[in-house]
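S.K.: Could you put the whole structure together from the sequences, leaning on the hints where they help?
What follows is each chain in one-letter form.
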Amino acid sequence: MKNTYLSILVILIFGLGACSDDFLDRKPSDQVSTAVFFTQAKDLEYALNGAYEALGFCNWYTQYGYSTTLLRLESVTDNGYDGHSWNELYEVAIGTANAYDPFVQYYWMIRYRGIQRVNRMFEGVGGIKDIKPEYRDRLMAEARFLRAYFYFDLVYLWGDVPYLTHSINPNDAVGIKRDDKNAILDSIVHELDLAAQHLPLSYDQENLGRVTKGAALAFKSRVLLYHEKWAEAAKAAKDVMDLGVYQLYDDYKKMFSYDGINNIEVIFDLQELSGQTKLYNFTLANFGPNSALGWSSGTPLQSLVDEYECTDGQPIDQSPLYDPTAPWDNRDPRLEATIIYPGRPWLGGSFNSIPNVDTTILRGGPLVPGDDLTDGTEAQWNKTFTGYNWAKYMDEGADYINDNLWNGSIHFILIRYAEVLLNYVEAKIEANELDQSVYDAINAVRARVNMPPIPTGLSQDELRARLRHERRVELAFESLRLLDIRRWRIAEDVMPGRPKLLRYSDPDGDGLNRPTDDSNGMPILPIEIRYFDPGKDYLWPIPQSEIDVSKIEQNPGW
Amino acid sequence: MKKKELDCRNQKFLCKLLRVMKLTVFLLLLSLSQVFAVESYSQKAKINLHLENARIKDVFRNIENQSEFYFLYSPKIIDEQKRVNIEVKNGNIKAVLAQLLDGTNLDYLILDRQIVISDKNLLNSSKPQQGKKTIKGKIVDDTGGPLPGVSVVVKGTTNGTITNFDGEYNLNVSVGDTIVFSFIGFKQQELVVDDKDTYDIVLMPDVEKLEEVVVVGYGTQKKINVTGAVGAVEGEELAKKTVSDVRQALQGEVTGVTIVDHGGIPGQESLKINIRGVSSLSAGTSPYVLVDGIEMSMNDVNPNDIESISVLKDAASAAIYGAKAANGVILITTKRGKEGGFQVDYNGYYGIQTPADLPELVGPGDYLSLVNEAYVNAGLERKYSDEYIEKTVSGVDPYKYPYTNYFDELFQNAGMWNHSLSVSGGSETARTAISFNRLNQDGMLHAVNSKRTNFRMNSDFTLVDNFVLHTNVYYNRRDNTQPNRLGGALSAMVGSSPASVMKYPNGAYGLNKDNYSALAALEVGGTNDQHNSTLNLQGGFDWNAFTNFNLKFNFSYKDINNRFKNYTAEYDFVDPNDPDNIITTWQPSSLTNGKWSTQEINSRVLADYTKDIGSHHIYALAGMEITDSRSEYIEGRRLNIYSDELAELNTGDVKGMENKGYSEGWGLWSYIGRVNYSYADRYMFEMNFRYDGSSRFAEGHKWGFFPSFSAGWNIARESFMSNVDWLNNLKLRGSWGQLGNQDIGLYRFTSTVYTDYSYDFNDRLVNGYSQRYFANTDITWETSEMLDIGVDASFLNNRIDFTFDWYRKYTKDVLLTLPISYMTGLEPSEINAGRVKNVGWEANITHKNTVGDFFYSIGFNISDVKNTLDDFAGREPSISGWTILKEGEPMYAFFGYENEGLYQSQEEIDNHATQPNQQDLKPGDIKLKDQNGDGEINDDDRVVIGSDIPRYTIGANLNLRYKGFDLVAALQGVLKAQNYFYGELDEGPNFEVFTSPRFLDRWTPDNRDGSYPRLEAFTNKNNYLYNDFWLRDSHYIRLKNLQLGYAMPASIIEKAKLRKVRFYVGVTNLFTITPVDPGIDPETYAGRWNSYPPIRTWSFGLQVGL
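Line by line, the protein sequences are chains F and Y.
Here the first sequence stands for residues 1 to 558, numbered as in our numbering.
Here the second sequence stands for residues 559 to 1664, numbered as in our numbering.
Treat each hint with caution, since some may be false.
[Stated by the list, open to error] Cross-link-like lysine-lysine pairs, in silico, DSS-like; alpha carbons within 30 Å at most: (1) LYS536(F) - LYS1153(Y); (2) LYS1487(Y) - LYS254(F); (3) LYS1444(Y) - LYS551(F); (4) LYS27(F) - LYS1153(Y); (5) LYS500(F) - LYS941(Y); (6) LYS500(F) - LYS1071(Y); (7) LYS1370(Y) - LYS551(F).
[Unchecked claim] Far from chain Y by the CB rule (all over 10 Å, computed), these chain F residues: (8) SER319; (9) LEU321; (10) ASP506.
[Unchecked claim] The following label-pair restraints were derived from C-beta to C-beta distances: (11) PRO366(F) - TYR1200(Y): 30 to 38 Å; (12) ARG487(F) - SER943(Y): 47 to 55 Å; (13) GLU945(Y) - PRO452(F): 34 to 42 Å; (14) ARG940(Y) - GLY509(F): 17 to 25 Å; (15) GLY509(F) - SER1463(Y): 46 to 54 Å; (16) PRO366(F) - ASN971(Y): 46 to 54 Å; (17) ASN182(F) - PHE1263(Y): 36 to 44 Å; (18) TYR1191(Y) - ARG178(F): 38 to 46 Å; (19) GLY175(F) - LYS1213(Y): 50 to 58 Å; (20) ASP312(F) - THR1209(Y): 57 to 65 Å; (21) ASP1133(Y) - GLY557(F): 52 to 60 Å; (22) TRP1154(Y) - GLY348(F): 45 to 53 Å; (23) GLN1464(Y) - ALA183(F): 25 to 33 Å; (24) GLY348(F) - SER943(Y): 31 to 39 Å.
Simulated from the structure, these hints should not be mistaken for lab results.
Glycine residues also receive a C-beta, built at the ideal position from the N, C-alpha and C atoms.
M.R.: Written out as structure tokens, the structure reads:
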């Protein structure tokens, strides 16, 4: 017993006298201390991969998947509409939003997040000793491109923003000033030039999907168009065309399916992997028709449908091929590739959103139930609001039949060659250099879908109209429309008013409905009026939560 | 390199702990062998002797050598040299001794392993004489009421009994024995047995209540001397509630303790406990719960094991727990064995559970008409024809014209069994209490079940007079199983149109508008299994080392293993008319299998010193405590499991398999101290402190000091009060102290790179790393400073007890996650900023009395706390949905528009300020108030419209006893409360979901004072903006528990050698008085309905004691 007493006393004394600091010194065992990060080559590589991860984003608050979120931008343009009033961006689209919109806030946040991931690479790269200089330069060039990509989003959405090329502390952000957007654009162009120097033309299979030299030049042409530096924009686009790496992919429809992944036209895309929890993309669940269990959270508007020419190359109000009661026949093939309309083949039958439809409009077989508000199937608010659903990226085979509704993985294309051609065309037109290369480029895009070439000898204004039409139909639902209607300053013309929807009527009085052009026809659903204030709505508001902490100046009108 | 060093240091500490652990395990094993050996060794031991002409001394030595017996005798009495012949094979010691001592004047006495040999006459006088004489009697209190449960013991022996329910006892004694009668709350009495056989005793109440003690931090204190605010509950009171969870039993029992029972499926009950308000925003707000000094989860404690619960409410009583005490401390003490014969107790009940409250559904005719009205109001065609409605109402074809009340269909009565068995008792040197509990509770939904198995053994060994060794073994296991898609099923119950089919005759499930089936979710959606086990081993000692000086040591090892296996099944939903046509599928199947395990070691040394000098009483306590906790998490996941029967990770797809894991740990190193001083039991002072070092903070911020002071004045003991007879006790108390809260993430001060930003290139995943949080290296504890003033009073022979407390609690350096600029690219971590204020009062009054055979006690308590976010660190109000954090308002106050009733005309709409969606407004819509008068309703017009913090929490308890009958009842309620309900139950026919009768009182041109806005299909634009129209007065009073018991008279059960037989029936949640519409439970939920309803359990129980 004596010994026990003794040992207790020893413990007491030991305890009282021991240095407890060691005992209380605990660190996470599955995270790397920032103090020792950026010492090995792989640190730089992993940090860069982390910056790539910031390209797409997943806002779990409203459950939009990784790339899907970017596609929501289409619903704040004249191309699309999301009637779910509880969804973020709904009020942005109708012009009644305030500085609290969660999407606007999240987009701002995620872009600066990517920028700072790159900035920390620049701050850390000096500490990495065991790395081959060429490899290091390539990684940093990729990082430079990503930072430029993120900043361009900020500039076209918010205008002047703080241009940070180094990491900051929360205190540094207080009272921060916004930099002139033109200076930022100049810097972005410069950065892309620097990046292009060290980027390869292509990668091996393991690295496919990384930023290439072509991506830097192609993106530069997009930035310079926005910057209205026409000659330089044309040159950047021409540089891509001269690389000889990219071509137009022969199947426009297939380009946005699993078969089209990494095709010859893709310059830069979001690489996605099926079944990977972090990179889930819910494209079909979000935008797909209700018949495929989609939520129709964003559907094409009639004005986009009307934009597609007839196969003779004439607009619908001029073409003899156009029949208002069978309006989707004889149209530019890109219509069918982009938009699901009544009668279009879908899920082994025909899609339909018109109540009591006259089945003679069917082209794809028996009616697929689920998309007509009155067809007796439930889930009303997941049915299309406009009469149409998006078709691009909706892979009914792979994603619906195989139930990948929640983890689809079609890569979302961020830059493709057709855009570069159209960038070239636009830059040349705006520079008033209306030479044959302009016609060649735009006609190449049309020829790929068997559309006739545009007439020759057009004026600058006529060509501009042709180009803008071509961009709209070629690039619909690729989240570039918002950029275009802003830089062309046509949003104030195309956005206001009650958007046009699919209308139907009963021409024969037999109780069966057909689509109609007549404004007395029935709309699918009532729809809200959109407002657009040119003094305000060309820019998004700086998120209120950012203003609260950094006191940054708000955009005019917000 | 650095990492390695760290390991060594840890190992050194670990080794130290391991050594202590080994010692504990040894002591534990020793104790086990002791307990089982106490009664049986003399019967068990077998003796073999073959000795001829041996000296008696050698015979004794031989026995000592082959057994554990040892002999005590005086050589003066025994002739050691006497030669004997003895032949024994496998003999009993008694037989051996009888043979050995045959023909001598010697006799023996076996005391465990000790054999005393002595003179026959000498021994007989000290040997218990069985059956010499039986005395009996009845024990009553000063009013003549019988006192059951009084301990009647022959002084200095273990020979004793307790009185039955009629206060009667029987005891075998010898003349000259001293009998001791004792009962808590009464003065002890002794008498010497003479030639009488009947001894009736009147026990006088212990007016001074000097003996009543309460458990306080690291010790006990006489209740009369407590200067802090401590609420105490006897375990016996809790065991009378047939609920599966101690937290439910505690509800309404202690003032200042707000327990909100959010219901929950068996095994996963969700109860929120707050002591004296909510004082933190991002750190934990739950009290620190200790079971026998070790942190434990309260819901796994067997209510029958509980001796007492103490709630340390103010800073003075809780400060000794320092950094963990900011939210109050709950001390649970479990029963220990007492000296005396072994007692066996069984308590078991069978319960039938039914939902106490379910939402009420309108009839089919009303529902379908309401939907039609909503359609028409939206400018659409009616959905249902008159013929359809008629056929639905008539129920002619339930598949073609269905009408389903999902609640009625899916909720079913469920059974539960609860068995508790305990054995306790022991000798002067070894005492134990062993208990076993098994609970098997089915859920009221398909395939929900929870089982609890609980074992506890508390043992004490008096090794020598001044040294008591104690060991505790505790094991608890919970096995829960539930449908994987249970949450989906609950949502679908309210989210499905009643005009839908649940299941067709051919087995096809009916689907709702979201293509979901609540029934399928329960039946074929897969299963979640959860197995949680906790093992706690404790060993230690109390050593009265010197006069007035005690040294206490306790070591505890806790091992928690929580495993889960979540299986999501795949299923194809087919068209009921065309089973080959798959409408929708649940795919792919997946299995997530994981484990969380924690090993926690706690070691504690305490020294205390007591000294009385005249009327001065001094008590001092000092000690230290170390807690080391290490946890590990591991999880695997695979898709496309081979089959439902073979749901294991190994049967899933190899492709896309995932796993993750990490480990973490924390340490707490503490020094504690307490000094009590009192003068003549009239003036009392107490000081406590704790000095805590925590691993959760950075260097330089690890250590915190938490002091407290309190004082009491016992006025009733002043000489000038000696004439006041009706007043038994009057004590004023005051205290001040500081408490800490360290309940935040483990490593918030470190700046680290996270590994979870992977990307992929060409279908090949690559590692992506990034810093995630901006690290706040200055982070430190929250400090709560509390002032408490209280009064305790007892009147009329202690028949009325009254306690009142007022307190004010400021929580400073509140841990807040204040947003930082998004431009940093990082997420914020907590910083210490802001202050929360809680001011409250609580009162408790109890009245006990006995009139003849009738005993009753009535208790009532009420408490209120006002919560204010006092200082929000200069931050703009933070709005999240319909709640706001704003300086000067309660935390998470409801925030939104104020309504001004419903619009009655288009003219009124046109003249009112423009509302959002103005063009869609129609008469019957909610009119919102233009707070700033700018003619436009926008975000700026939102104001604080209420708070969900309950005010005026009350509890009432009633105990009645008449002869063998007893009745207990417990009411609990909140007198002022608000709740924000939204979602399906407010949407009803507008979205074709579950519709309560409330919608019948909607606004229509003919019903202009309707309590619900006009209907409109597919809209949530106008009326569902967050506004106080949807805020509901949800105060309530609920009969939480009612139990009626009958104990059989002692005269009958004695014949069966039973001590106690009691039958009881009980019911929980029998009724609720509330203004909220029927079926919407005011306590269980807020917001969207997706909860498991409160349970009404009818129970039938039996208690047997022998």
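S.K.: Each hint: holds or not?
M.R.: Checked hints:
Distance hint between LYS536(F) and LYS1153(Y) is unfulfilled; the C-alpha atoms sit about 54 Å from each other, more than 30 Å. For the suggested pair LYS1487(Y) and LYS254(F), the alpha carbons sit about 54 Å apart, so the restraint of at most 30 Å is broken. At roughly 19 Å between alpha-carbon atoms, LYS1444(Y) and LYS551(F) fall within 30 Å of each other, so this suggested pair holds. Our distance criterion of 30 Å between C-alpha atoms is met by LYS27(F) and LYS1153(Y), whose separation comes to about 22 Å.
A hinted pair counts as satisfied when its Cα atoms are at most 30 Å apart, and LYS500(F) with LYS941(Y) qualifies at roughly 26 Å. For the given pair, LYS500(F) sits about 27 Å from LYS1071(Y) by alpha-carbon distance, which is consistent with the 30 Å threshold. At most 30 Å may separate the alpha-carbon atoms for a hinted pair to count; LYS1370(Y) and LYS551(F) meet this at roughly 27 Å. Distance check for SER319(F) against chain Y: the nearest CB is about 35 Å away, which clears 10 Å, and the non-interface claim stands.
A cut-off of 10 Å between C-beta atoms confirms that LEU321(F) is not in contact with chain Y; the least separation is 36 Å. In this structure ASP506(F) is separated from chain Y by more than 10 Å, as the shortest Cβ-Cβ distance comes to about 14 Å. Distance hint check for PRO366(F) and TYR1200(Y): the Cβ-Cβ separation is about 36 Å, which falls inside the suggested range of 30 to 38 Å. The supplied range of 47 to 55 Å is met by ARG487(F) and SER943(Y), whose beta-carbon atoms lie about 54 Å from each other.
In this structure the supplied range 34 to 42 Å is violated for GLU945(Y) paired with PRO452(F), their Cβ-Cβ distance being about 56 Å. Between ARG940(Y) and GLY509(F) the Cβ separation comes to about 22 Å, which falls inside the hinted range of 17 to 25 Å. Take GLY509(F) and SER1463(Y): their Cβ atoms lie about 39 Å apart, and the range 46 to 54 Å is violated. Against the hinted window of 46 to 54 Å, the Cβ-Cβ separation of PRO366(F) and ASN971(Y) comes to about 47 Å, which satisfies the hint.
One distance hint, 36 to 44 Å for the beta-carbon pair ASN182(F) and PHE1263(Y), is violated here, with the actual separation near 58 Å. A hinted range of 38 to 46 Å holds for the C-beta pair TYR1191(Y) and ARG178(F), which are about 44 Å apart. About 52 Å separates the C-beta atoms of GLY175(F) and LYS1213(Y), a value consistent with the hinted range of 50 to 58 Å. Restraint check, ASP312(F) to THR1209(Y): a C-beta distance of roughly 59 Å satisfies the suggested window 57 to 65 Å.
Remark: the range hint 52 to 60 Å for ASP1133(Y) to GLY557(F) is upheld by a beta-carbon distance near 53 Å. A C-beta distance of roughly 47 Å is found between TRP1154(Y) and GLY348(F), which places it inside the suggested range of 45 to 53 Å. Hint check: GLN1464(Y) to ALA183(F), Cβ distance near 54 Å, so the stated range 25 to 33 Å is violated. Against the hinted window of 31 to 39 Å, the Cβ-Cβ separation of GLY348(F) and SER943(Y) comes to about 32 Å, which satisfies the hint.
Hint check: violations occur at hints 1, 2, 13, 15, 17, 23; the rest are consistent with the structure.
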